[in-house]
Amino acid sequence: MSEGIEVIIKTAKAVREAHDYSGTAPKVASNKVKKTAPIRLKSLLSDWGTGAIIPLAVLTVWQLAGSAGLISPQFLPAPLSILSAFAALTASGELTHHLGVSIGRAGTGFVIGGIFGLLFGVLTGLFRKAEYLLDPSIQVLRLVPHLAIAPLIILWFGFGEVSKVAIILSGSFFPLYINTFMGIRGVDNKLFEVARVLGFSPLQKLRRLILPAALPSMLLGLRLSMAVAWIGLVVAELIGSQSGVGFLINEAKQNSNTEVIFVGIIIFAVVGKLIDSLFRIIERKLLHWRDSYQG
Amino acid sequence: MGEVMLSITQLNKSFDTAGGQVKALHEVDLEVQEGEFITVIGPSGCGKSTLLRIVAGLDTGYSGSVTLEGANIAGPGIDKGFIFQEHRLFPWLTVEKNIASDLPLNRPDIRQKVDELIELVKLNGFEKSYPRELSGGMAQRVAIARALLRNPKILLLDEPFGALDAFTRAHMQTVLLDIWRRNKTTMIFVTHDIDEAVFLGNRVVILEPRPGKIRKIVPVDLPYPRKKTTNSFQEMRLRVLNYFEKVDELELTDGAGI
Ligand SMILES: Nc1ncnc2c1ncn2[C@@H]1O[C@H](COP(=O)(O)OP(=O)(O)OP(=O)(O)O)[C@@H](O)[C@H]1O
Ligand SMILES: [Mg+2]
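Those sequence lines, one after another, are chains Z and V. For the first sequence, full-length UniProt numbering assigns the number 1 to the initial residue and increments by one for each residue that follows. For the second sequence, full-length UniProt numbering assigns the number 1 to the initial residue and increments by one for each residue that follows.
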């Protein structure tokens, strides 16, 4: 770049005439007109409120039917007795212990599977050669339900931590792999032309075009991988383990302790949902530039 | 002016499509002097964008020769600025970051130039806006600023002001002429607007469709700054319109319009 631009700039001042006909609406003083907090909170609560109607109704009927002795507690314990089982498990510290173990397992499997998924996805997405070499094999493996190989993994690695993590990572690899690959391949060719015209280096193309453009898809892959890791965790723990929420459920089954089974199921659901929400918040933070239908 | 900047001889370009070969450009000959302002006008689908893309190095697989300062076009680069028909901004970058793109905004000289370009295209107050928050005309002005920041030797503009309202358009035309005069950038400017073509160009290249070829090159020997209301301007406009309408009639029988 030379002095040329300075010249342009001087021109700017010369050219600008008295009246402003830029066709640009004047900007409101407070750059971003934010909705006030109370209003947002209120609308948020009402959105949640709408979602809570059905579960609350079900719970009420369930509890009433349970208290009235219409359902056997062995078959379907009432919400309040589940709650007290939950309180007891929490008080004894058992729940925290098992939940910690479960999250640790799911996390390890997810991180390892995710890293590989991301790595292979970027590789096959960027390089046609890598796609031809790797993608057919990966697609074949993907179509094997990953839980079907769980017995094999246990045969190889026994009932220890290794097989559990292996089961989880074998599932969480694929969503991230596929979505990373598709995200990269989905980058608008028109923007590639812009990158060429602006003289981006290969590294700049990756950093400033491909990764940001593929990010929405990659984050979706991340969330799906997380969900699959969570499912894999349950299977791994139910097949055989001495700790974890899955173990808690299994043990309760042997002791016909239906309340605890429910506690375990609810814990899986709630923690899974919390982790998913966390990912969605991250997603919204990173993708705020997107202009998509919000419902 | 003087040296030949761009030389196009016997340029032919076809596209292979499912429905057979489409001849986009047919035996196009054009020589552009250094510092010349060429406007290109013609009905939709006559190959205007294709011509620009070949000069930019974006399209290959043509026959004939295209040389820029004596050398064959090797590929796109920052010496050949290109403003696309659509704005093509990066949706994840703010206005100022789109203008800077790969150049670091935290470098004081670039920061200053970006600020000044934002002023030039009248987008003050929108530096931190994202493309989705801009109107079509505003986005196009960001794209123009992005191309100007790189200060190219030749600037290829594909209907850059198509999305602008009449007033902004007039402003941008004046801005562009001033940049051209001071910077001596060679310009190839595609438009649908006869007034714009006559107002800006040293020469107006009129293309006709199917196959896309040059129908006429009209030199516009009016001094700058031009006034659209003068008789000589209107005369010139009518001359171009005359050629253009002949093309248009052809077009109408073909079932396509401008
Ligand atoms: N990538 C492509 N593949 C196939 N055909 C193409 C391609 N690009 C252009 N064409 C064809 O080449 C011809 C010229 O297209 P071009 O885009 O250059 O027209 P244009 O003059 O810029 O039109 P407009 O004024 O509508 O932008 C058209 O018939 C079009 O169908
Ligand atoms: Mg075009």
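Misleading hints may appear alongside valid ones.
Below, in silico cross-link-like pairs of lysine-lysine (BS3-like), each with a Cα-Cα straight-line distance of 25 Å or less [to be verified]:
(1) Z:LYS205 to V:LYS97
(2) Z:LYS190 to V:LYS23
(3) V:LYS153 to Z:LYS205
(4) Z:LYS205 to Z:LYS42
(5) Z:LYS190 to V:LYS216
(6) Z:LYS205 to V:LYS23
What the hints contain is simulated information worked out from the structure, not anything from laboratory work. If you're wondering where the values come from, they're calculated on a predicted model, not measured in any experiment.
We went through each hint and held it up to the structure:
no., hint, result
1, Z:LYS205 to V:LYS97, "holds, 15 Å"
2, Z:LYS190 to V:LYS23, "holds, 22 Å"
3, V:LYS153 to Z:LYS205, "holds, 23 Å"
4, Z:LYS205 to Z:LYS42, "violated, 43 Å"
5, Z:LYS190 to V:LYS216, "violated, 31 Å"
6, Z:LYS205 to V:LYS23, "violated, 32 Å"
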